[in-house]
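Residue numbers (my numbering), protein chains in the order written: chain A, 1 to 265; chain B, 1 to 418.
Since the hints were derived computationally from the structure, they do not count as laboratory data. From a predicted model like this one, the values you see are computed outputs, not experimental measurements. Check each hint, because a few of them may be wrong.
[Stated by the list, open to error] Cut-off 25 Å, straight-line C-alpha distance, at most; resulting in silico cross-link-like pairs (DMTMM-like, lysine to aspartate or glutamate):
1) A:Lys236 <-> B:Asp227
2) A:Lys57 <-> B:Asp227
3) A:Lys151 <-> B:Asp29
4) B:Lys229 <-> A:Asp263
5) A:Lys95 <-> B:Asp227
6) A:Lys264 <-> B:Asp284
7) A:Lys151 <-> B:Asp18
8) A:Lys259 <-> B:Asp29
9) A:Lys236 <-> B:Glu80
10) A:Lys95 <-> B:Asp284
11) A:Lys57 <-> B:Asp77
12) A:Lys231 <-> B:Asp29
13) A:Lys151 <-> B:Asp227
14) A:Lys231 <-> B:Asp227
15) A:Lys231 <-> B:Asp85
16) A:Lys151 <-> B:Asp284
17) A:Lys264 <-> B:Asp77
18) A:Lys210 <-> A:Asp109
19) A:Lys57 <-> B:Asp361
20) A:Lys31 <-> B:Asp284
21) A:Lys95 <-> B:Asp77
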Amino acid sequence: MRLTTLTLGLAFGLLASTSAFAVDTTRLAPKDEKFSFEGPFGTYDRGSLQRGYQVYKEVCAACHAVNHLAFHHLAEPGGPEFTEAQVRALAAAAKLPAEPNDKGETTDDKGTPLMRSATVADHLPAPFPNENAARANNGGALPPDLSMIVKAREGGPQYVYSILTGFHMKTPDGFKVTDGKYFNPYFEGWNISMPPPLAANSVTYSDGTKATVEQEAHDVVTFLAWASEPKMEERKQLGFGVMVFLIGLAGILFAAYRKIWKDKH
Amino acid sequence: MSGPSTYTPKSGIERWLDARLPLPRLMHDTMQTFPTPRNLNIWYTFGGILAFCLAVQIITGVVLAMHYVANAGMAFDSVENIMRDVNYGWLMRYVHANGASMFFLAVYIHMFRGLYYGSYKAPRELIWIIGVLIYLLMMATAFFGYVLPWGQMSFWGATVITNLFSAIPVVGTHIATWLWGDFAVGDATLNRFFSLHYLLPFIIAAVVGLHIWALHVPGNNNPLGIDVKSPQDTVPFHPYYTVKDAFYLVCFVILFALFVFYAPNFFGNPDNYQQANPLVTPPDIVPEWYLLPFYAMLRSIPNKLLGVIVMGGAIVTLVFIPWLDTSRVRSCRFRPLMKQFFWAFAVACVLLGFCGSQSVDAARFGIPLVWVARVASIYYYAFFWLIMPIVGLIETPKKLPASIAQSVLGDAAATPAE
Chain A
1 MRLTTLTLGL AFGLLASTSA FAVDTTRLAP KDEKFSFEGP FGTYDRGSLQ RGYQVYKEVC
61 AACHAVNHLA FHHLAEPGGP EFTEAQVRAL AAAAKLPAEP NDKGETTDDK GTPLMRSATV
121 ADHLPAPFPN ENAARANNGG ALPPDLSMIV KAREGGPQYV YSILTGFHMK TPDGFKVTDG
181 KYFNPYFEGW NISMPPPLAA NSVTYSDGTK ATVEQEAHDV VTFLAWASEP KMEERKQLGF
241 GVMVFLIGLA GILFAAYRKI WKDKH
Chain B
1 MSGPSTYTPK SGIERWLDAR LPLPRLMHDT MQTFPTPRNL NIWYTFGGIL AFCLAVQIIT
61 GVVLAMHYVA NAGMAFDSVE NIMRDVNYGW LMRYVHANGA SMFFLAVYIH MFRGLYYGSY
121 KAPRELIWII GVLIYLLMMA TAFFGYVLPW GQMSFWGATV ITNLFSAIPV VGTHIATWLW
181 GDFAVGDATL NRFFSLHYLL PFIIAAVVGL HIWALHVPGN NNPLGIDVKS PQDTVPFHPY
241 YTVKDAFYLV CFVILFALFV FYAPNFFGNP DNYQQANPLV TPPDIVPEWY LLPFYAMLRS
301 IPNKLLGVIV MGGAIVTLVF IPWLDTSRVR SCRFRPLMKQ FFWAFAVACV LLGFCGSQSV
361 DAARFGIPLV WVARVASIYY YAFFWLIMPI VGLIETPKKL PASIAQSVLG DAAATPAE
């Protein structure tokens, strides 16, 4: 009897300590974070969008591209709505590989690639020239493009927010983080290749907002939600007009229907 | 389209045209004076709604095709370009994408209505069979269309579905290769799917023409399932059904607009906002909701070839319904036994759809869903091949009303005054 207990105890101990399969690593349900753009009348918080762009640019952009965003989008209505001058300055500060010059060269005498300033028509430059370069710089993992990350993940903005704020939690007993990975229970399998991206004061907000991890995450998720769905405000506005029109039309048609059918049924 | 015409040309131009190409006569007879049973209910408005859906899909589709690039390297980006930089491109795409779901929602209601009221029975067998053909064309068109954005689910859905052909013995793999134009789903596949996606809607439009033509020969069935006997039983199509159809169409468009403007990705899959990647298989490959019942049938059978046969057979079965139903009474209103089997069939279809949406090894209340799908699949087949013929023979239908007019207006009013 004692032997059996001992054996069982040993077996459980072994299972718990050596095998990650003993723990159910299904991702946790995302946190219930509220965003201004939810609901039929929700709009993007302009300040949050601008701060979120700052977080993206100063933190995320080191590894993640937003290939579908062009500089001019940043000035369009319904987005961060930077002024045209601000967007021109942002574009001018970004460097892109130049087109071949008059001699057909794309590098200078020393073999350094020629660069040019971006224009507002250019898309935001990607941190890596290709997938292999991205993987080589990130321990074999590929940082996904963030243009549509909020639409491309089950759970949407809450999911992305939970990932960003889901680091530094106590690792449950029996779960061992894979070497080179980080523990994040909001990520399927709990092992994520991304190191904790945000810390308090990762950025300094010019509007005086306190840069906590939660604030930074909230802002960058707002920005990425806009990047996923840049026409959301236009869509909801038009939708409201369409609904009012359709309900009015339905009312008129119902009256006509009742009048015409009055003595027929 | 048939029957004696009541059209009399009123002006010189109309007389001239009537002697050469009697289009005004056609319009007058089919859309104005066409005698229509006076008792058609809300479920009969879905024919008109479906015509509207087809028109919306064609119009938005033609506009989208002006901006879309059918190339494996560029398709995904071109769709995003439509969403971001084309004026009202987001509206066109969301109307088109949700339009497909609304189209199927309407067609399923239309088909269940036909089943319930026995609209497939003589003399309307061909209307039903042409309808099944439209449904089949719709599924093909929707499948091709879903591949075009070239997201993860587009690519893997196309891979799964085209691979079904490889289950055919001996020639299967050759057929799959021929369909792909390559040895896997790729650029060649995308190009031909785009071509076919643009072609099929016009074929659907033509077949819809036949469907309506075939409808105008015997005229509409009705919820009572009895024939029109006197002019008292009918009203002219215009204004009675134009106004009724218009009202219910607008109600339907309100639902449509709710999805387009407030939940445009409700029917979509998040994975399809990731570009197709042949090296990464999504954990669950799920087709669009309207194909889920058939997908559930396919997955519930361990043998691939048998699964494909059962899935295809489920659609082919529909063609034989006019002859499988042995009842002399059309409408389920007067068929107490069949009515119960009908609703059980509707439940089986919804259950199949649910099973198809879950992962293969899922279970509910301790019951593996694959077994739920098996039982529901068996019921699907049994409903058509056993229940329909047998119940028609053993059931005692309720007493049918003497006429449509009597049923609607009561005995006194239905007696002809003159």
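Quiz item: Are A:Lys231 and B:Asp85 close enough, with their CA atoms no more than 25 Å apart?
Solution: Status holds; Cα separation ~10 Å.
Quiz item: Regarding the pair A:Lys210 and A:Asp109, is the alpha-carbon distance no greater than 25 Å?
Solution: Measuring from Cα to Cα gives roughly 48 Å; hence the hint is violated.
Quiz item: Taken at face value, is the distance from the CA of B:Asp29 to the CA of A:Lys151 at most 25 Å?
Solution: violated, 50 Å
Quiz item: Given the proposed pairing of A:Lys264 with B:Asp77, does the C-alpha separation stay at or below 25 Å?
Solution: violated, 55 Å
Quiz item: Is A:Lys31 close enough to B:Asp284, meaning Cα to Cα at most 25 Å?
Solution: Cα-Cα ~24 Å, so holds.
Quiz item: Are the Cα atoms of A:Lys57 and B:Asp77 separated by 25 Å or less?
Solution: Satisfied, since the Cα-Cα distance of roughly 22 Å is no more than 25 Å.
Quiz item: Are A:Lys151 and B:Asp284 close enough, with their CA atoms no more than 25 Å apart?
Solution: Given that 25 Å is the threshold and the Cα spacing comes to 17 Å, the pair holds.
Quiz item: Are the Cα atoms of A:Lys264 and B:Asp284 separated by 25 Å or less?
Solution: Between A:Lys264 and B:Asp284 the Cα gap is close to 53 Å, so the pair fails against 25 Å, i.e. violated.
Quiz item: Given the hint that A:Lys57 pairs with B:Asp361, does the C-alpha gap stay at or below 25 Å?
Solution: violated, 43 Å
Exercise. Take a quick look at whether A:Lys231 and B:Asp227 sit within 25 Å of each other, Cα to Cα.
Key: Answer violated: A:Lys231 to B:Asp227 is near 53 Å, above 25 Å.
Quiz item: Are the Cα atoms of A:Lys231 and B:Asp29 separated by 25 Å or less?
Solution: Violated - the C-alpha atoms of B:Asp29 and A:Lys231 are around 46 Å apart, more than 25 Å.
Practice problem: Quickly compare the C-alpha distance for A:Lys236 and B:Glu80 to 25 Å and report which way the hint goes. | Solution: Given pair A:Lys236, B:Glu80 holds - Cα atoms ~19 Å apart, limit 25 Å.
Going down the numbered hints, you'll see the structure goes against 1, 2, 3, 5, 6, 7, 10, 12, 13, 14, 17, 18, 19, while the others check out.
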